[in-house]
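Based on the provided sequences and hints, a complete structural model is requested.
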Amino acid sequence: ELGDLSPPLICTGGWPNAAVLTLLDGVRRAGGTIRHHGDHDAAGAAIFDYLAARVGALPWPLEERAEPSAADTPGVDAPDGFVPEELVLDQLLGDLARAGPA
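Take 2 as the starting number for the sequence shown in our numbering and just add one per residue.
No lab work stands behind these hints, which were simulated from the structure alone.
Okay, the calculated beta carbon distance ranges per label pair:
no., residue 1, residue 2, range
1, Gly-32, Pro-60, 16 to 22 Å
2, Gly-4, Ala-47, 33 to 39 Å
3, Ala-98, Asp-50, 26 to 32 Å
4, Leu-24, Pro-62, 19 to 25 Å
Note that the Cβ used here is the ideal one computed from N, Cα and C, for glycine as well.
Below, the structure written as structure tokens:
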């Protein structure tokens, strides 16, 4: 939608490996800001904490927002109460569009 004017978006899965860390280190050295969004569970929080310490990652979305819960998300059967990030994709894409060009 934003085409060439859109900010870069890097998508990874699970714990960041050496390739991911090398890429993020390069972004940081080049003056880029790294924002992270992950699952709202213990593993997701641990990954964020690691990336915050390792590459200075900041939370994304930018505004404070309550963590989504299964009780608040129609059609989600999550026994542990946590909602995977894939289920809030529309919200994340809206945040990216509002951020505008890099």
